[in-house]
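Novice: Produce the complete structure using the sequences and hints provided.
Those protein sequence lines, which keep their order, are chains A and B.
According to numbering that gives the first Met the number 0, the first sequence is numbered sequentially starting from 0.
According to numbering that gives the first Met the number 0, the second sequence is numbered sequentially starting from 0.
No lab work stands behind these hints, which were simulated from the structure alone.
Heads up, some of the hints might be wrong.
Identical copies look the same in the list; a pair holds intra-copy or inter-copy alike.
Stated by the list, open to error - Result set (EDC-like, lysine to aspartate or glutamate): computed pairs, CA atoms no more than 16 Å apart in a straight line:
| id | residue 1 | residue 2 |
| --- | --- | --- |
| 1 | K401 | D343 |
| 2 | K456 | E365 |
| 3 | K251 | D113 |
| 4 | K48 | E4 |
| 5 | K332 | D142 |
| 6 | K251 | E227 |
| 7 | K456 | E73 |
| 8 | K166 | D142 |
| 9 | K13 | D72 |
| 10 | K251 | E134 |
| 11 | K251 | E133 |
| 12 | K251 | D111 |
| 13 | K166 | D72 |
Quick caveat: nothing in here was measured; it's all calculated off a predicted structure.
Number of protein chains: 2
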Amino acid sequence: MQMPEPNAAILSRKARIVERLRGVLSADAVIDEAHEVRAYECDALTAYKCPPLAAVLPSSTEEVAAVLRICHDEGVPVVPRGSGTSLAGGALPTADSVILGVARLNEVLETDYDNRFIRVQTGRTNLSVTGAVEENGFFYAPDPSSQLACAIAGNIAMNSGGAHCLKYGVTTNNLLGVTLVQMDGTVVELGGAHLDAGGLDLLGLACGSEGQLGVVTEATLRILRKPEGARPVLMGFSSNEVAGACVSDIIKAGVLPVAIEFMDRPCIVACEAFAHAGYPDCEALLIVEVEGSDAEIDEQLGLILQIARRHDPVELREAKDADEAGRIWLGRKSAFGAMGQINDYMCLDGTIPVSELPHVLRRIRELSEGYGLEVANVFHAGDGNMHPLILFNANEEGQLEKAEALGADILRLCVEVGGCLTGEHGVGIEKRDLMADQYAPADLEAQMRVKDVFDPKWLLNPAKVFPLDASAQRRAA
Amino acid sequence: MQMPEPNAAILSRKARIVERLRGVLSADAVIDEAHEVRAYECDALTAYKCPPLAAVLPSSTEEVAAVLRICHDEGVPVVPRGSGTSLAGGALPTADSVILGVARLNEVLETDYDNRFIRVQTGRTNLSVTGAVEENGFFYAPDPSSQLACAIAGNIAMNSGGAHCLKYGVTTNNLLGVTLVQMDGTVVELGGAHLDAGGLDLLGLACGSEGQLGVVTEATLRILRKPEGARPVLMGFSSNEVAGACVSDIIKAGVLPVAIEFMDRPCIVACEAFAHAGYPDCEALLIVEVEGSDAEIDEQLGLILQIARRHDPVELREAKDADEAGRIWLGRKSAFGAMGQINDYMCLDGTIPVSELPHVLRRIRELSEGYGLEVANVFHAGDGNMHPLILFNANEEGQLEKAEALGADILRLCVEVGGCLTGEHGVGIEKRDLMADQYAPADLEAQMRVKDVFDPKWLLNPAKVFPLDASAQRRAA
Chain A
0 MQMPEPNAAI LSRKARIVER LRGVLSADAV IDEAHEVRAY ECDALTAYKC PPLAAVLPSS
60 TEEVAAVLRI CHDEGVPVVP RGSGTSLAGG ALPTADSVIL GVARLNEVLE TDYDNRFIRV
120 QTGRTNLSVT GAVEENGFFY APDPSSQLAC AIAGNIAMNS GGAHCLKYGV TTNNLLGVTL
180 VQMDGTVVEL GGAHLDAGGL DLLGLACGSE GQLGVVTEAT LRILRKPEGA RPVLMGFSSN
240 EVAGACVSDI IKAGVLPVAI EFMDRPCIVA CEAFAHAGYP DCEALLIVEV EGSDAEIDEQ
300 LGLILQIARR HDPVELREAK DADEAGRIWL GRKSAFGAMG QINDYMCLDG TIPVSELPHV
360 LRRIRELSEG YGLEVANVFH AGDGNMHPLI LFNANEEGQL EKAEALGADI LRLCVEVGGC
420 LTGEHGVGIE KRDLMADQYA PADLEAQMRV KDVFDPKWLL NPAKVFPLDA SAQRRAA
Chain B
0 MQMPEPNAAI LSRKARIVER LRGVLSADAV IDEAHEVRAY ECDALTAYKC PPLAAVLPSS
60 TEEVAAVLRI CHDEGVPVVP RGSGTSLAGG ALPTADSVIL GVARLNEVLE TDYDNRFIRV
120 QTGRTNLSVT GAVEENGFFY APDPSSQLAC AIAGNIAMNS GGAHCLKYGV TTNNLLGVTL
180 VQMDGTVVEL GGAHLDAGGL DLLGLACGSE GQLGVVTEAT LRILRKPEGA RPVLMGFSSN
240 EVAGACVSDI IKAGVLPVAI EFMDRPCIVA CEAFAHAGYP DCEALLIVEV EGSDAEIDEQ
300 LGLILQIARR HDPVELREAK DADEAGRIWL GRKSAFGAMG QINDYMCLDG TIPVSELPHV
360 LRRIRELSEG YGLEVANVFH AGDGNMHPLI LFNANEEGQL EKAEALGADI LRLCVEVGGC
420 LTGEHGVGIE KRDLMADQYA PADLEAQMRV KDVFDPKWLL NPAKVFPLDA SAQRRAA
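Specialist: Written out as structure tokens, the structure reads:
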């Protein structure tokens with residue numbers, strides 16, 4: 000993946016820049032030694048690495064504003080970073096950039112159960128938001144697989160989802176307000192703890208903007224009351240197509256499970272070997288979970304099982320207790336770990352209309368055969384959010400490039416059938432050059448002109464989201 | 000309400016402008032006779048009237064683009080108009096503006112039940128979207144009171160809600176994509192029939208932008224499967240405070256009715272006299288509706304009634320059949336008509352945290368007494384979206400101004416308690432000068448800079464949304 004040449008003038012001014020940063024932060028919050036900045040050289044897309052000029056760890060919105068003012072003044076690019084769990088290279092540094100990590104901004108600022116919201120600093124991890132309210136019977140709905148580690152800042156930047164977003168929506172549906180620091184240090188409040196707001200919806204714009212518009216330091220999040228109970232059912236089918244058709248029929252029937260997860264044979268085999276979840280030997284598995292009271296669960300599952308039976312399932316296993324439910328989920332949740340044990344893999348993230356599932360799975364198989372690289376499919380099928388895993392050997396010359404080419408073809412396929420390039424991982428560096436496949440020039444230009452407003456010098460999170468040549472032109476202008 | 004002086008140079012060029020418009024539209028689609036343009040002199044905020052320079056009724060996205068290109072070229076302000084049902088003056092013309100009505104853009108372009116969406120031209124009315132899919136068991140969720148008349152274009156412009164948005168969300172939660180024509184005639188596609196999208200979320204930005212960014216000509220809308228059944232329960236209470244506390248407790252318990260509607264005594268009396276709904280003689284009424292299968296309804300209502308009983312209700316009446324359900328809703332749905340028969344009224348639209356309901360209702364009563372103007376309250380209590388109706392006599396000198404001043408005080412109160420100026424009616428001309436109470440200068444400046452991008456000459460829907468002095472400066476710049 001090509002990255003822009005570092006700006007030599009910035010590199011030569013490093014000492015002054017670091018000194019200015021030390022002037023506004025505590026001594027241990029500015030990191031510039033070569034062996035220390037290496038901790039920030041990549042995110043979870045580890046195929047790409049580049050140590051930054053320096054890294055800073057501010058402890059307040061004011062400190063973030065002070066850092067940005069200095070970098071704006073010095074013309075230094077800034078790469079905001081949550082916990083660095085991006086699978087799309089969303090927090091990959093450039094050599095001339097300052098990493099702005101929000102890890103020290105991790106306080107709960109306010110909890111309001113009457114109005115069902117929590118206000119947190121955005122360095123707080125996703126799971127610890129739920130941790131702060133679960134004693135009182137509440138939870139925060141978006142649940143990315145990385146929820147133990149990933150920060151709310153990154154969730155907002157990428158508009159993250161998770162297995163349960165079929166029912167609860169993604170981050171944008173659970174975000175009420177943010178404090179955003181613009182590149183010039185201006186602090187703005189977008190949204191608030193209330194429905195809607197007057198004027199332009201800059202909150203919706205900020206959510207999913209991948210650090211292109213500013214740094215979000217505080218967030219007001221919707222919290223929900225925990226459901227009484229939940230119960231998954233495991234369904235095995237004789238082909239991907241049949242499983243896909245079953246998903247379509249469930250959605251079409253208007254039932255709303257909290258999750259419909261899909262795994263194909265390569266994925267089932269790997270997960271079973273890793274987690275011993277007792278998965279049946281079949282071509283495709285669905286895990287469908289519903290929640291509510293026992294009566295509600297019985298009723299909804301009754302309808303879902305009736306639909307499933309029409310597709311001649313190889314297996315239908317309703318969890319009889321918490322233990323069995325745990326085992327059913329264990330396999331799915333260990334999918335990435337399981338694949339990682341046997342292969343290098345690249346995890347894609349595209350979205351398609353649910354009715355296109357069978358067609359897209361068939362085309363992925365053809366593409367996979369064409370490239371000679373195996374693809375395992377595990378994804379949130381209910382809302383069409385796919386995560387094909389391309390398996391390859393990173394130590395074999397040329398395989399990474401081949402995997403990238405196959406990934407690009409699969410994502411183009413998503414766009415072709417009326418879907419889009421990303422569901423929850425964001426564009427990052429991974430998909431920036433595919434944006435031209437998704438958007439017409441006028442559509443992309445409209446987005447870039449909005450970026451111009453918030454970051455006229457194009458210093459924020461460089462080389463991400465927009466095609467590299469377009470952003471290079473913008474920076475030069 | 001002050002409006003900007005019309006631009007004399009534009010008025011003097013009227014003949015040329017109309018001729019150019021006739022060059023791109025059919026003869027009957029350009030209206031410029033004084034007696035004809037009067038049909039467009041106001042929207043549902045009828046206290047303010049001003050005939051436009053001309054009105055045009057394009058029949059396609061291309062015609063809309065052609066009209067906008069001409070107006071952009073001539074520097075003529077354009078006021079986009081759906082069905083003209085805005086209660087906030089969102090479609091009020093200026094004397095030098097061209098009204099762009101989308102009424103002729105009313106086709107269904109695509110219906111996809113497998114992926115649960117419909118694509119329509121935006122002049123189509125809200126109710127006729129449901130009309131197009133209900134035979135197949137689907138519906139479009141947002142349901143403003145004006146749904147028989149209001150256009151999807153206006154729903155998108157104002158991010159409209161309705162009685163059932165507590166469960167289903169407002170327009171932005173049900174909108175998948177739009178075709179937007181910018182002021183210079185550029186056509187862009189925002190979003191699409193899929194979850195999320197890469198890059199900046201311009202779709203979220205466009206929704207609720209009140210015609211400030213462009214004209215939306217086509218929309219892809221989420222459709223949902225109709226629930227099996229629904230059942231309302233009527234609850235009477237001895238005071239507004241007790242009813243408010245009951246609403247808070249229902250929300251806090253995590254039950255999710257589709258609607259929680261609130262009416263206070265002045266409203267109950269007027270509705271009962273008008274609709275003979277059989278409402279009890281009490282201080283405050285709630286209508287709480289749940290939906291699903293009979294078993295689900297029984298279970299949810301059981302929990303809700305248990306909460307209600309803790310608040311010593313004067314009456315608890317569960318609808319036993321469709322007939323009784325219809326009567327319970329009839330009173331609420333005729334509220335505006337009922338009030339209109341006995342008074343002139345101004346309908347406000349503010350949002351507050353649900354827990355503040357008792358406090359805000361008490362303060363509204365004090366303000367009402369201070370001004371000597373009665374206020375009737377009827378609103379979507381579940382999500383804190385209030386619609387206080389200020390009663391006044393339009394024929395009595397000074398009463399309109401007094402009602403406006405009281406309205407401004409009530410809306411400031413909403414902001415004070417952590418709420419906001421609007422829930423679903425938009426800012427329009429009504430609340431533009433209160434935006435400075437809601438937003439800090441930097442917040443407002445960020446919004447206006449985004450408007451600059453889409454409409455650099457500030458020609459689109461003039462004198463709305465932003466404080467008049469701020470938008471005048473922007474136009475002059």
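Novice: As a check of your reading, is K251 near D111 (CA-CA no more than 16 Å) within one copy, between copies, both or neither?
Specialist: Between copies only: 10 Å across, 37 Å inside.
Novice: At 16 Å max between alpha carbons, let me know whether K251 reaches E227 within a copy, between copies, both or neither.
Specialist: Close across copies (14 Å), not inside one copy (26 Å); limit 16 Å.
Novice: With 16 Å as the alpha-carbon cut-off, assign the pair K332 and D142 to within, between, both or neither.
Specialist: Cα proximity of K332 and D142: one copy only (12 Å, versus 39 Å across).
Novice: Checking an output row: K251 and D113, CA cutoff 16 Å. Within, between, both or neither?
Specialist: Close across copies (6 Å), not inside one copy (35 Å); limit 16 Å.
Novice: Regarding K166 and D72, is the shortest C-alpha distance of 16 Å or less found within a copy, between copies, in both, or in neither?
Specialist: For K166 and D72, the Cα distance exceeds 16 Å both inside one copy (45 Å) and across copies (47 Å).
Novice: Should K251 paired with E134 be assigned to within, between, both, or neither, using CA atoms and 16 Å as the limit?
Specialist: between (37 Å within a copy, 15 Å between copies)
Novice: Should K48 paired with E4 be assigned to within, between, both, or neither, using CA atoms and 16 Å as the limit?
Specialist: Result: close within a single copy only, 14 Å intra versus 59 Å inter.
Novice: First find the shortest C-alpha distance between K251 and E133 inside one copy, then the shortest across copies, and answer within, between, both or neither for a cut-off of 16 Å.
Specialist: Answer is between; shortest inter-copy Cα gap is 14 Å, intra-copy 33 Å.
Novice: As a check of your reading, is K456 near E365 (CA-CA no more than 16 Å) within one copy, between copies, both or neither?
Specialist: Close neither inside one copy (44 Å) nor across copies (52 Å); limit 16 Å.
Novice: Quick one: K401 to D343, C-alpha cut-off 16 Å, is that within a copy, between copies, both, or neither?
Specialist: For K401 and D343, the Cα distance is within 16 Å only inside one copy (13 Å; across copies 71 Å).
Novice: Is it within a copy, between copies, both, or neither that the alpha carbon of K13 lies no farther than 16 Å from that of D72?
Specialist: within (14 Å within a copy, 49 Å between copies)
Novice: 16 Å Cα cut-off: does K166 pair with D142 within a copy, between copies, both or neither?
Specialist: So K166 and D142 pass the 16 Å test inside one copy only (12 Å; across, 21 Å).
Figure legend: structure checked against the earlier numbered hints; hints not met, in rising order: 2, 13.
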